[in-house]
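Asks: Sequence:
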Amino acid sequence: MYDIKALYEAASVEEAVALRTAHPDAVVIAGGSDVLIKMREGKLAGAELISIYGIDDLRGVSLEADGTLRIGSLTSFSHITKDPLIQKHLRVLGEAVDQVGGPQIRNIGTIGGNTCNGVTSADSASTLLAFDAVVELTGPDGVRRQPIREFYLRAGKVDLRPGEIQTAILIPGDSYRDTEGFYIKYAMRNAMDIATLGTSVNVRLSPDKQTVERCRVAFGVAGPVPMRAETAEQAAAGQPLTAELAETVARTVLEDIQPRDSWRAAKAFRQHIAVECTKRAFLEAARRAGGAV
2 MYDIKALYEA
12 ASVEEAVALR
22 TAHPDAVVIA
32 GGSDVLIKMR
42 EGKLAGAELI
52 SIYGIDDLRG
62 VSLEADGTLR
72 IGSLTSFSHI
82 TKDPLIQKHL
92 RVLGEAVDQV
102 GGPQIRNIGT
112 IGGNTCNGVT
122 SADSASTLLA
132 FDAVVELTGP
142 DGVRRQPIRE
152 FYLRAGKVDL
162 RPGEIQTAIL
172 IPGDSYRDTE
182 GFYIKYAMRN
192 AMDIATLGTS
202 VNVRLSPDKQ
212 TVERCRVAFG
222 VAGPVPMRAE
232 TAEQAAAGQP
242 LTAELAETVA
252 RTVLEDIQPR
262 DSWRAAKAFR
272 QHIAVECTKR
282 AFLEAARRAG
292 GAV
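Heads up, our numbering is the position in the sequence shown plus 1, with the first residue counted as 1.
Treat each hint with caution, since some may be false.
Each computed DSBU-like pair below joins lysine-lysine, with the alpha-carbon atoms no more than 35 angstroms apart [unchecked claim]:
| no. | residue 1 | residue 2 |
| --- | --- | --- |
| 1 | K210 | K158 |
| 2 | K158 | K6 |
| 3 | K44 | K6 |
| 4 | K268 | K44 |
| 5 | K158 | K268 |
| 6 | K210 | K39 |
| 7 | K83 | K158 |
FRET-style restraints, in silico, Cβ to Cβ [said to hold, decoys possible]:
| no. | residue 1 | residue 2 | range |
| --- | --- | --- | --- |
| 8 | G103 | A269 | 27 to 37 angstroms |
| 9 | A7 | G103 | 47 to 57 angstroms |
| 10 | R60 | G103 | 18 to 28 angstroms |
| 11 | N108 | V28 | 33 to 43 angstroms |
The set of hints was computed from the structure by calculation and includes no laboratory data.
Ideal Cβ positions, reconstructed from N, Cα and C, are used throughout, including at glycine.
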């Protein structure tokens, strides 16, 4: 069933980097929910695998001294959803990854695998983009950190350089403080389905809850890579919180997104649901932030 040439198991980040350097064509495997399916389909026949599953240092969520939320790349979706720090500071991310596949997939699937596979439909991607996430990568030259919006290069391709592995996802404190978000996954079925469109909106309100200080709108499957709707974000900034503003922000996303026709959905349909999902997510994020519309 699985045509594997060799399996190397790394016990540390340093060993994983050394194995990546020594075997540049090998495929990194963590939970295996993506890689093993591809192997079973014959797409990775005869591949060498580097397993990083045993590197426990890459698991868990912590809060750094400057308020940055650090999510180890091997943290499973289930653990992210249940983690107290995520529930307190970034519950929308826990809600987003709780919509990945079924319970078995969420128990083994990892945040690192979900981002490194480069697909625009990844349920974590739009929320991470909306919160200005930073990807931590460790390689032969040490550690580098890259904004997640630069990490996605094109459809199915991310900026992983020779010898590197992803070690963490970082959410800056300035991005999540006093901010609430909401994620909507539109899919043809209510479970075990890939998103036809993913919409993540977060809102920061003024102290009196009457004005939108900041808004972030991000999408999956609205283009070849996860993307932000910056024109819509600018339309919301500094404006009174009203139902009319929600309508304006929602319509404005059409100036930024680039959906396409596919067997899952027509471009026009994706544009339609992008507007509706943005409005609903904006209103719910504002409500969570203490606003009344």
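Asks: State for each hint whether it applies.
Replies: Status of each hint after checking the structure:
no.	hint	in the structure
1	K210 / K158	40 angstroms, violated
2	K158 / K6	24 angstroms, holds
3	K44 / K6	14 angstroms, holds
4	K268 / K44	29 angstroms, holds
5	K158 / K268	22 angstroms, holds
6	K210 / K39	48 angstroms, violated
7	K83 / K158	30 angstroms, holds
8	G103 / A269: 27 to 37 angstroms	31 angstroms, holds
9	A7 / G103: 47 to 57 angstroms	31 angstroms, violated
10	R60 / G103: 18 to 28 angstroms	21 angstroms, holds
11	N108 / V28: 33 to 43 angstroms	21 angstroms, violated
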